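So the protein lines, in turn, are chains A and B.
Using my numbering, count along the first sequence one by one with no gaps and you end on 504.
Using my numbering, count along the second sequence one by one with no gaps and you end on 97.
It should be emphasised that the hints constitute simulated quantities derived from the structure, not laboratory data.
Keep in mind that this is a model prediction, so the values were computed, not measured.
Any given hint could turn out to be false.
Partial list, derived from the structure: chain A residues whose beta carbon lies under 10 Å from chain B [claimed, not checked]: (1) A172; (2) G175; (3) I193.
Note that beta-carbon positions come from the ideal geometry of N, C-alpha and C, so glycine has one too.
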Amino acid sequence: MELDFSRGVHYWWALLPEIVLCIWGMGVLIVGVSKRHRQSGEDATGDPTLSGAADLGWLALFGVLGAAFANGWLYGVHEVGSGGMIAVDRFRLFANWILLGAAALTILISFAYVYRQRLQAGEFYGLILLATAGMMFMAAARDLIVIFLGLEVMSVGVYALTAFNRRDRKSAEAGLKYFLLGAFATGFLLYGIALVYGATGSTNVAAIGASVSAGTATPGLLAIGIAMLTIGFGFKVAAVPFHMWTPDVYEGAPAPVTAFMSSAVKAAAFVAFLRVIVVAFPEADDVWYPIVWWLAALTMVAANLMALVQSNVKRMLAYSSIAHAGYLLVAITASNTNAAAGLLFYLLVYTLMNTGAFAIVIGVAHQAEERLQVEDYAGFGWAQPLLGVSLTIFLLSLAGFPGTGGFMGKIYLLQGAADAEQWRLAVILVLATVASYWYYLRIAWFMWMKNPAKPDQHALVVAPLPMQLALIVSVALVLYTGLFPSAALDFARASVAGLGALVP
Amino acid sequence: MITEAIVLSAILFVIGTFGVLVRRNAIIMFLCIELQLNAVNVAFVAFSNLFGIDGQIFVFFVMTVAAAEAAVGLAIIISIFRHYESVDVGSFNLLKW
Numbered sequence: 001m002e003l004d005f006s007r008g009v010h011y012w013w014a015l016l017p018e019i020v021l022c023i024w025g026m027g028v029l030i031v032g033v034s035k036r037h038r039q040s041g042e043d044a045t046g047d048p049t050l051s052g053a054a055d056l057g058w059l060a061l062f063g064v065l066g067a068a069f070a071n072g073w074l075y076g077v078h079e080v081g082s083g084g085m086i087a088v089d090r091f092r093l094f095a096n097w098i099l100l101g102a103a104a105l106t107i108l109i110s111f112a113y114v115y116r117q118r119l120q121a122g123e124f125y126g127l128i129l130l131a132t133a134g135m136m137f138m139a140a141a142r143d144l145i146v147i148f149l150g151l152e153v154m155s156v157g158v159y160a161l162t163a164f165n166r167r168d169r170k171s172a173e174a175g176l177k178y179f180l181l182g183a184f185a186t187g188f189l190l191y192g193i194a195l196v197y198g199a200t201g202s203t204n205v206a207a208i209g210a211s212v213s214a215g216t217a218t219p220g221l222l223a224i225g226i227a228m229l230t231i232g233f234g235f236k237v238a239a240v241p242f243h244m245w246t247p248d249v250y251e252g253a254p255a256p257v258t259a260f261m262s263s264a265v266k267a268a269a270f271v272a273f274l275r276v277i278v279v280a281f282p283e284a285d286d287v288w289y290p291i292v293w294w295l296a297a298l299t300m301v302a303a304n305l306m307a308l309v310q311s312n313v314k315r316m317l318a319y320s321s322i323a324h325a326g327y328l329l330v331a332i333t334a335s336n337t338n339a340a341a342g343l344l345f346y347l348l349v350y351t352l353m354n355t356g357a358f359a360i361v362i363g364v365a366h367q368a369e370e371r372l373q374v375e376d377y378a379g380f381g382w383a384q385p386l387l388g389v390s391l392t393i394f395l396l397s398l399a400g401f402p403g404t405g406g407f408m409g410k411i412y413l414l415q416g417a418a419d420a421e422q423w424r425l426a427v428i429l430v431l432a433t434v435a436s437y438w439y440y441l442r443i444a445w446f447m448w449m450k451n452p453a454k455p456d457q458h459a460l461v462v463a464p465l466p467m468q469l470a471l472i473v474s475v476a477l478v479l480y481t482g483l484f485p486s487a488a489l490d491f492a493r494a495s496v497a498g499l500g501a502l503v504p
Numbered sequence: 001m002i003t004e005a006i007v008l009s010a011i012l013f014v015i016g017t018f019g020v021l022v023r024r025n026a027i028i029m030f031l032c033i034e035l036q037l038n039a040v041n042v043a044f045v046a047f048s049n050l051f052g053i054d055g056q057i058f059v060f061f062v063m064t065v066a067a068a069e070a071a072v073g074l075a076i077i078i079s080i081f082r083h084y085e086s087v088d089v090g091s092f093n094l095l096k097w
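Turn these sequences into a full structure, and let the hints guide you.
The following block contains the structure:
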């Protein structure tokens with residue numbers, strides 16, 4: 001099918017996955033309201049997979065599946081002409097796979113948590129679907145207005161999700177911190193957009209790029225605008241020094257939401273950032289390049305050092321998530337084909353391994369917010385071998401051991417950095433990775449080498465069927481991308497082919 | 001005329017930024033963020049004088065989004081007040097900043 005954006009009706013086709021998710025999200029909300037009184041009492045069975053909350057979870061999962069079908073259908077579509085506000089390119093569709101995958105995994109690992117914590121399932125799953133739709137708008141945006149709207153749809157949904165557990169003080173506190181700093185960051189991003197608009201006279205990223213390379217842009221306004229845009233994105237991807245909110249928010253938010261934030265929100269922000277950088281500002285690299293270079297270097301060094309001293313596993317994973325943002329920023333500084341493909345590949349693998357690790361953290365915490373210290377993992381591997389092996393695989397992959405997807409992802413990021421002759425960043429990346437072995441392997445060491453404080457300490461750890469499903473998928477894909485990376489990498493390389501002024 | 005408007009918007013933005021960084025009351029911080037967004041609106045209206053209608057349309061989007069953000073933000077502030085009887089961000093420290 002051919003899409004021509006001069007006809008407004010064709011936007012409906014181009015936005016089919018987002019529209020499916022939005023409508024389905026609202027549907028889940030409505031069904032949730034009508035189910036509320038049934039779900040308020042304890043279920044007779046006590047089985048989380050049979051409760052009213054679980055019905056809504058499966059319903060939401062069908063919405064993600066529907067959006068995934070629509071996304072697959074878009075592969076058969078191509079645009080004629082140009083000037084649309086929505087991209088219909090492979091880059092967007094690959095990003096959509098990552099975002100939909102993150103949403104599906106989050107829903108799968110949250111069933112028992114939502115049930116145990118008695119969260120309002122309709123709102124919880126509805127907000128996840130709507131926030132995912134916002135992220136997909138960011139991935140699709142060819143116009144700064146659309147990026148801003150997508151970012152806000154995502155952020156407002158995630159603010160609410162962070163503060164979702166209203167009985168928990170920490171959740172409310174995390175929500176407030178995330179909201180204040182997130183809105184602050186949005187102010188910077190918007191002022192950046194306003195100044196770039198003032199400098200170039202357009203909000204369309206391609207038109208901005210044309211104006212910048214033709215030299216018609218006002219230099220001063222453009223420089224300040226790009227700097228502020230970069231700061232705004234830096235907040236969203238949690239780059240040092242704009243990371244202050246991250247550990248608190250990730251620690252306080254409900255654990256499935258933390259998994260969602262650290263994978264999907266980050267992926268969406270990086271995808272939009274990369275598109276803006278390579279399409280709009282390839283000629284203005286004297287402005288953004290030093291900023292992003294320092295952000296990447298500082299993020300990799302500082303986050304890994306701070307992660308070394310954490311004893312709370314959720315907080316440690318928060319710092320690890322900041323560190324991974326640093327590795328991904330290396331790909332943005334390089335901004336060539338290999339780096340962009342590496343970024344997509346790494347985001348895919350990171351989503352799988354991070355969500356998988358959080359799934360087991362939720363299990364060990366008894367589907368609640370307790371038992372989050374490293375000592376609570378003592379002897380866990382021998383008590384629950386399957387979960388222990390899965391967590392070990394995720395940790396090794398996060399650390400970047402050969403044979404896992406995380407290793408191949410780092411190799412591709414390094415390759416991108418080498419193509420751009422970013423030797424210093426490449427060295428920092430390798431050294432930071434070596435430092436990160438310590439805190440990832442410490443958990444594995446506690447799991448396999450220490451005896452539990454009480455012999456039956458891990459007897460109550462359960463992984464219900466949906467969580468098992470998520471774990472199987474994540475482990476399989478992390479190992480597959482680690483052992484046979486070429487298929488996923490070729491797919492990622494084909495996806496970035498038409499992106500813009502990528503240095504080959 | 002446009003220069004004056006841009007200077008005004010920059011001043012508003014700086015006041016908002018300082019407010020967020022200096023004040024400790026969550027509602028005042030939120031109002032300072034709104035001030036930042038309105039600085040953005042002034043800038044857009046001024047620039048759209050040069051470049052056509054796009055900037056003014058953007059202002060409508062910013063206002064709509066600010067309203068949605070206010071709804072969620074005030075709900076979060078109410079929820080925190082129920083727990084702590086205070087909206088001073090210095091007064092709760094379960095999580096270190």
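To see whether the hints hold, each was checked on the structure:
A hinted interface residue such as A172/A counts as satisfied when its beta carbon comes closer than 10 Å to some beta carbon of chain B; here the least separation is about 5 Å, so the hint holds. Of the supplied interface hints, the one on G175/A holds, with its beta-carbon coming within about 5 Å of a beta-carbon of chain B, less than 10 Å. With 10 Å as the threshold, the beta carbon of I193/A comes within range of chain B, its nearest partner Cβ sitting at about 8 Å, so the hint holds.
Checked against the numbered hints listed earlier, the structure breaks none of them; every hint is satisfied.
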